[in-house]
Every structure is written in C-alpha cells, then in structure tokens.
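Please build the complete structure, drawing on both the sequences and the hints.
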Amino acid sequence: MSFASVIAAASPHLVRVPISTGVASALVAVLMLAHIQFAAFQQGGYIILAVTDFLGWKRNDERQTRFSKHLVTALGATFAFGSTLAIFAVLILFLGLWSQFFVELARIMFWPFVVEGIAFVGEIICLYTLYSQWDKLGRVRPLRAGLELMLFINASIQMLAIDVVASYMLTPRPSNSLALNLLNPTEIPLEMHRFVGNIAFAGAIIALAGGIRIIFAKAPKSRAYADWIGHYGLIYAIGFTLAQPLIGWEYAKEIQLHAYASWYSMMLGGLSVAFLFQVFLLGAIFTVGIFYLWRRVKLGGFRSPALAVCTALSFASWLLIATPSSLAWSYEDVVGANANVPIWQGGLLIPWGEMIPFKLVALITFTGVALVAVTVYLRHVTKGEMRWGDAGRAQGAALITVGIAVSLIMALMGYIREDSRAPFLITNKVLINQQQNFKSPSSAGPAMTGTNNVGIVMPWDSGP
Amino acid sequence: MASPSQPARSALVAKLMRPVARPMAATYRWVDERLGISDLTHQLLYEAVPRRGAWAYSLGSATLIIIVLQIVTGMFLLWTYVPSTTEAWESLNYIEHHDEFAAIVRGMHLWGAYVLLIIIGLHMIRTFVSGSYKKPRELNWIVGVLLFLMVLGLGITGAMLPWDQAAYWTAAVVTHIVDYIPFFGSWLQEILRGGPQMGPETLTRFFAIHIWLLPALLVPLIGLHLILLRRHGEHGSWVNYDGVESETEEVRAERMATAEYPYPAVPSDPGYAVPVDIDDFFPSQVFKDATVSFVLVLLVFIMAVVVGAPLERAANPAALNYVPTPEWFFLPLDQLLVQFPQAWMIPVGVFVLPGIGTTLLILVPFLDRSPEREPWRRPEVMVPALFAALFLIFEALLAVNRLFNL
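Sequence order for the protein chains is A and B.
Quick note on my numbering: the first sequence kicks off at 1 and runs consecutively.
Quick note on my numbering: the second sequence kicks off at 1 and runs consecutively.
Just so you know, the hints here were simulated from the structure itself, not pulled from any lab data.
A couple of the hints might just be wrong.
As the list claims (entries may be wrong) - Lysine to any residue pairs mimicking SDA-like chemistry, simulated, CA-CA at most 25 Å apart:
no., chain 1, residue 1, chain 2, residue 2
1, A, Lys69, A, Leu281
2, A, Lys58, A, Asp135
3, A, Lys298, B, Glu380
4, A, Lys383, B, Pro365
5, A, Lys136, A, Trp57
6, A, Lys383, B, Pro136
7, A, Lys58, B, Arg231
8, A, Lys298, A, Ala217
9, A, Lys383, B, Asp279
10, A, Lys58, B, Val129
11, A, Lys383, B, Ala388
12, B, Lys135, B, Leu361
13, A, Lys221, A, Thr382
14, A, Lys58, B, Asp279
15, A, Lys383, B, Glu380
16, A, Lys136, A, Phe88
17, A, Lys58, B, Glu372
18, A, Lys383, B, Leu367
19, A, Lys69, A, Phe88
20, A, Lys58, B, Gly271
21, A, Lys383, B, Val239
22, A, Lys383, B, Met382
23, B, Lys135, B, Arg231
24, B, Lys288, B, Leu44
25, B, Lys135, A, Leu137
26, A, Lys298, A, Glu385
As the list claims (entries may be wrong) - From chain A, some residues computed to sit far from chain B (all C-beta separations above 10 Å):
no., residue
27, Gly56
28, Thr78
29, Phe81
30, Leu93
31, Gly96
32, Ile124
33, Gly138
34, Val140
35, Gly146
36, Met150
37, Asn184
38, Arg213
39, Ala274
40, Thr365
Ideal Cβ positions, reconstructed from N, Cα and C, are used throughout, including at glycine.
This is how it looks when you write it as structure tokens:
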C-alpha cells in the first residue's frame with residue numbers, strides 16, 4: 001500500500017482545515033517570504049559579526065567593536081521573531097494545511113531535518129550567550145571570537161540542511177535515496193547562491209539602517225557613526241552581490257537542465273515578467289550602490305574618474321539587463337535563427353531567458369565594474385581620504401534604496417522559485433491541490449512509493 | 001638534577017666508545033677538511049628569521065620535504081612500473097595485489113602529490129597575504145609561481161601514467177584541449193600524442209615529461225628559490241614590522257646597522273629591511289619546520305595505508321560511455337571547459353582566462369608596489385584576489401555538482 005493511499009484512505013477521518021488551496025498557499029507564501037528576510041539577515045549577519053568583532057579586536061578599532069555590539073543586539077532580537085515565524089510555519093501551516101507535502105518531505109529528508117534541529121539549538125546557545133553576556137565576554141576576546149565562529153558554523157549547517165530540502169523540492173532525483181537527493185542537481189548552486197546572497201542581504205540591511213540614521217542624526221558624532229555603518233554595510237552588499245551573476249547563471253543553468261518546466265516558467269513563461277523585475281532590481285542595486293561609492297569619495301574632496309566610469313557602465317548595463325526584447329525583435333525570430341537552443345548547444349538561449357546576449361553582456365559588466373568600483377573605493381578608504389560624517393541626505397537615500405531593493409529581490413526570488421514549481425510542491429512528486437482535497441496521486445502524478453531513509457518501516461512502506 | 005652516579009656512567013660510556021669514536025672523529029675531520037661540511041652546516045643553520053608567525057613560515061620547508069618524498073617514492077615506483085600501454089596497468093595491478101610495500105609507496109606518491117598541492121597553495125596564500133613578494137623578493141615570487149605550475153604539470157602527467165580508464169581518458173581530454181590553441185594547437189597535440197591519435201607513444205611521452213623534463217626544470221628552480229630566500233631573508237608577515245612606519249631615522253638606522261645575517265634585505269621599502277624581532281633558524285625554526293613536515297609525512301603515510309591509490313580497469317579506448325573525471329585540482333578548469341563549450345569559445349575558457357589569471361599572478365609584485373604590508377590596507381590586490389579565490393572554489397563545487405549529477 002502506498003503512502004498516498006494510506007492518506008487517501010484515512011482522509012474521511014481527518015478534520016480538514018476549512019481553507020481553500022489558494023488561501024492556504026497565500027498564507028504559507030506570506031509567512032515564508034517574511035521568514036526568509038529574517039533568516040537571510042541572521043545568516044549573513046553572523047558572518048559580518050564574526051569578521052567585524054575580530055577586526056575590532058585585532059586592530060583595536062573601537063568603532064568596529066561598538067558596531068559588533070549593536071549588531072549582536074539586532075541579531076538577537078530578529079532571531080526571536082524570525083524563528084517564531086519558522087516554528088509557526090512548520091507547526092501550523094505546513095502540518096495543518098500541507099500535511100501530505102510535509103510528511104513526504106520529512107520522510108525522505110528526515111536526517112537533514114534532524115541535523116537542522118540540532119544546529120538550531122546550537123545557534124540559540126551561541127547567539128543568546130553572546131547577546132546576554134557580551135560585555136563580560138569582552139574580557140575574554142578569544143572566547144567571544146570562538147563563540148561567534150561557532151554561531152556561524154551552526155547557522156551554516158542549518159542553511160545547508162534547509163538548502164538540501166529546498167533544492168530537493170525543485171530537482172528531486174528519481175530515487176528515494178537520501179544520498180542521491182542530498183546532492184541533487186541544484187543543491188550546490190543554491191547553497192552558494194544563498195551563502196553569498198545572505199551576506200549581501202545582511203550588508204544591505206545594515207546599509208539601510210545606516211542610511212536612515214544618516215538622515216535623522218542630529219549630533220555630528222552620531223552622523224559620523226551612521227555614515228560609517230552605511231559605508232560598511234554597503235561594501236558587503238556590493239562586494240558579495242558581484243558574485244551573484246556568475247552563481248545565479250549556474251543555478252539557472254542547472255534548473256534549465258534538470259527542471260526545464262520550472263526554468264521555462266521563470267524565463268519564458270508566466271514568471272518571466274517577475275524575473276525581468278528581478279534583474280531590474282539587481283541593476284538598481286549595482287548602479288545605485290556604485291553611484292554612492294563615487295559620490296562618497298567625492299565628498300572627501302577626491303575626484304575618481306574610475307568610479308565615474310564604473311557608475312556610467314553600470315547604468316548602461318542596467319538598461320541592457322532590463323530590456324525585455326532580444327537581438328531579434330521577437331521570439332519567433334530567435335527560433336527562425338535557430339538560436340532557441342542553449343548556448344552549450346551552439347544556440348543563444350542562455351539560462352537568463354530570452355535574449356540573451358544583452359543580458360549576458362550586462363551580467364559580465366556588472367561583475368567587472370562592481371569589482372573595480374569596490375577596489376577603488378576601498379583604496380580611498382584605506383588611504384584615510386574619508387571623513388566620516390560628511391554623508392548627507394542623498395547618500396542616506398542611496399543606502400536606503402539599496403536596502404529596499406535587496407529586500408525586494410529576496411522576496412521576489414523566493415516567490416519566483418517557489419511558484420516556478422507549480423502545480424507541484426515537490427517536482428513530479430507532490431501536487432499543491434493534493435494538500436486540501438487528498439486527491440489520489442495516480443490521477444495527478446507519480447505514486448509515492450518506496451522505503452524511507454530513516455530505517456524505520458512505516459505502514460505505507462510495506463506492500464498490500 | 002643529575003644523579004651522583006651519572007658522571008661515572010658517562011666516563012664509562014666514553015671509555016667503551018673510545019675505540020669507535022676516535023676513528024669516527026678522525027674520519028669526519030678528514031672529510032670535513034676536504035669538503036667543508038662544518039662550514040656548510042654552519043652556513044645552512046645560522047640564519048636569523050622573523051619571530052612572530054613562525055609556524056606559518058614552516059610551509060615552505062614542508063613543501064620541500066614533500067617534494068623530496070615524491071622523488072623518493074617515485075624512484076621506488078620505477079623499480080616496478082613499466083611505461084608501456086600494454087604493461088603499465090599490469091605492473092601497477094601487480095603492485096596493488098602482490099606487493100604490499102609497493103602499494104603503500106604508490107599510495108604515498110599519490111597522497112604526497114595531493115598534500116603537496118595543498119601545502120604549496122597555503123604557502124602561496126601566506127606569502128600573498130603577508131605581502132612577502134614585495135621588493136626585493138619579486139623574483140622569488142615569480143620562481144614560486146613557476147614551481148607551482150610545474151607541480152600542477154607533474155600532477156596531470158602523473159595521473160596519465162597508470163593507463164587505466166581514468167588515465168587514458170584524462171590523456172585524451174588533455175591532448176584534445178591542446179588542439180584548441182590557435183595556430184599551433186594541432187602541432188602541439190601531435191607532439192604530445194606522438195602522432196595524430198592516442199597510442200603507445202602518448203604514454204611514453206607523458207612518462208618522459210613526468211620523470212625527466214619537469215623534474216629537470218623543477219630541481220634547479222627549487223635551488224634558485226632557496227638561494228634567493230637566503231639572499232634576502234624570510235620576510236615573515238606584517239606582524240613582524242609593527243611600528244616601523246612611525247620609527248625615527250635613528251632607530252631605523254640602528255636596526256639596519258645591527259641586523260643579523262641575512263638581513264638587511266636590500267633594496268627594500270623603508271622600515272621593511274629587517275624584522276623588528278628575530279629568532280634563530282636553528283633550533284627554533286628548524287623545530288617548527290620539522291614538526292610540521294613530520295605531521296604531513298605521517299598524514300601521507302596514513303592516507304596511503306588506509307585509502308591507498310585507486311586503479312581502475314585497464315584503458316579501453318572503445319568504452320565510449322566512460323565519463324572521465326578530472327583530478328580535484330583541475331576541477332575549476334574542467335568547469336570552465338563546460339562553461340565555454342562551443343568550439344570558438346573553448347580557447348577563451350581554457351587558455352585565455354587561465355592565461356590572464358596566471359599572468360596576473362606572476363605580475364603581482366609589479367602590480368602592488370606600495371610599501372604597505374597589512375592585508376586590509378591593500379584592497380587593490382586583496383579584493384580581486386578574494387574574488388578570484390571564491391571564483392575557483394565556486395567553479396570546483398559546481399564541477400563536483402555537475403559530475404555527480406551526470
């Protein structure tokens with residue numbers, strides 16, 4: 001007897017939640033998109049915390065040590081809220097509304113969930129020890145640095161576990177083998193995408209906080225600190241986002257190879273408009289961020305033609321990447337030119353959707369330009385050419401723009417990725433509409449059979 | 001405190017040893033007078049080195065020890081290995097199943113190569129981060145990069161020698177890639193293959209490159225690397241030059257005047273000719289070098305015994321469904337090959353980009369000419385280097401992902 005048959009047989013006895021599939025999907029989406037913002041800030045923030053506090057310690061930099069304390073306070077507070085959302089999502093929404101999906105997920109991904117749970121406890125211990133004993137730990141700096149490192153490791157393990165689950169949902173291997181599904185085709189690209197993205201996201205949120213403080217700060221000292229925070233966060237935001245075009249490209253390529261329907265939906269289908277907005281936001285982050293670097297150097301009394309050129313190139317790339325057309329005027333023309341096959345088959349169809357050379361050129365330019373801009377800007381900073389506190393409302397507004405754009409891109413990416421699997425929750429395995437009406441999968445998709453990976457024999461694992 | 005009977009015991013030992021010790025001492029004196037061993041030993045061991053961060057400086061010595069280990073284990077393998085397409089695999093198969101000692105030696109040769117690449121990589125990272133390539137050590141950096149490239153060459157040519165499936169298809173892929181070099185690629189491919197197709201001569205040529213050509217270039221370069229190191233002294237890292245930027249001319253002149261051999265390094269940026277605090281190479285640094293080297297050799301031995309060296313089935317050119325997987329240190333290059341798959345783009349992926357990267361690596365001392373040593377005050381090299389390092393790691397991970405999900 002299959003697992004689905006057991007659920008179907010038991011369904012008359014189950015109390016159904018009186019919510020439609022659409023409402024359930026919307027609830028889960030809102031909750032998870034909110035959760036992902038907090039989780040990304042936590043994950044990226046831990047690395048920034050460890051690096052900043054270490055530098056403050058080794059370089060006797062009071063400003064970095066002070067910022068570390070503020071950051072750990074923010075991380076402690078946001079962790080409480082973010083993890084509450086996650087627990088609420090698992091206990092109420094997934095188990096209550098999408099029970100089939102969650103049981104199937106837990107069946108094959110039992111051990112990753114266990115590992116994630118253990119790492120979650122480790123994260124709590126490290127974070128709240130740092131949060132509550134920060135000043136006392138300041139007397140034993142190696143211990144504090146060690147705890148920050150442990151916090152980062154625990155959080156990274158957690159992210160790895162949840163990325164295994166998330167990537168499995170998009171590109172499951174046609175097998176119930178946990179080992180095969182652990183390293184499914186999109187696991188490593190997703191892991192890299194999130195690792196880099198989380199640092200950039202946390203940096204952008206820090207920059208946003210700096211931007212707001214710049215605008216509202218009254219005292220020069222407070223403005224100087226806010227100015228420094230803004231610049232510090234933005235360096236992480238731009239510095240790590242510049243790796244995303246390459247990683248994102250590879251991620252999209254794996255989706256194209258292993259979940260073509262999802263890729264088609266994202267790049268050429270109903271979600272392509274959302275994806276276009278996504279790359280528009282990416283262009284905004286680079287262009288506004290590099291513009292800030294240029295103007296910020298100028299405020300210090302230094303002209304930087306290199307940064308001016310970088311800003312111009314970034315702006316041009318922004319226009320290119322958001323262009324919805326192709327070298328050919330229509331997709332039919334692309335087909336006519338036999339260019340509608342992937343680039344590795346001699347065509348022009350690249351993972352980032354229809355038309356392609358425009359976007360490819362823009363992506364390469366963004367990466368190169370951002371690399372040069374960050375390097376040149378940091379050169380000015382290390383030469384002591386900055387006076388913290390010079391930033392005005394325009395710089396504050398630029399930092400806030402980058403922060404909002406990164407927050408939007410994070411939400412949009414989640415929406416696109418999750419929606420691209422429709423009508424599946426787990427590609428080719430679990431359907432969305434199975435969750436509410438307990439439809440037999442025989443009419444909707446492949447039957448869910450086979451043994452679990454936990455080593456426990458469950459009723460649905462044995463035959464009829 | 002010595003026990004009361006110890007002097008008596010020592011005297012007794014000396015008396016018993018006298019018949020042996022005297023002729024030995026006389027022999028040593030005779031040899032020493034002719035070869036100057038004492039002076040040489042004194043010269044080799046008497047050297048000032050920076051005190052802080054000394055464990056990190058042991059990576060260079062560890063590299064040398066592992067290279068020696070590779071030469072020794074390679075010599076042992078030559079006793080059994082036959083470089084012919086009909087017998088190469090047979091000879092190694094014999095080792096794996098009938099000669100336990102040789103199997104361990106083969107394992108040590110393989111794991112020694114892996115450890116060597118990791119240690120050279122760490123050594124280069126240490127040198128780069130600490131700014132040790134700055135004047136007057138630019139040439140030593142270039143020699144170091146060339147040594148690294150040669151070790152990579154030894155790695156890839158060594159991987160072809162077993163002539164099992166992995167070796168055969170590695171050779172096929174590598175010689176096929178060479179064909180994409182514009183203008184003279186086909187000619188070079190034919191040179192390497194010993195003809196238009198893969199055959200017996202292909203193995204012979206890679207064998208010659210592995211055991212003669214590359215070592216013949218490697219050994220003199222190692223010598224040059226060491227001579228240059230002794231000439232300028234170990235730079236150490238920025239932590240050994242704390243406060244040199246703010247010291248007075250008098251203090252600096254005093255430091256230069258009282259510097260121990262081989263310092264002061266000239267020409268040098270002001271303040272960086274002599275480390276602020278030094279130590280003796282012997283015994284202090286020698287102890288650290290020996291400890292690290294011993295641990296690494298032990299690690300190589302353990303891996304050789306526990307894991308050993310794999311040997312796939314004998315090469316079969318007809319097995320077209322075989323998927324060749326590169327050695328781990330070539331994974332980033334392998335991924336680049338996939339990312340630039342069209343014929344006209346392959347040279348960009350496998351020659352132009354790596355070529356630009358290698359050229360920039362060689363030119364680092366000439367691109368970063370500021371006297372600054374602290375890594376976070378040298379963003380013009382640290383930021384691109386960090387990006388390049390992340391790029392290589394990402395490429396390697398993506399290659400693993402691709403190969404696993406084929």
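Honestly, which of those hints from before does the structure not fit? Result: hints 1, 7, 9, 16, 19, 25 and 37 break, sorted rising.
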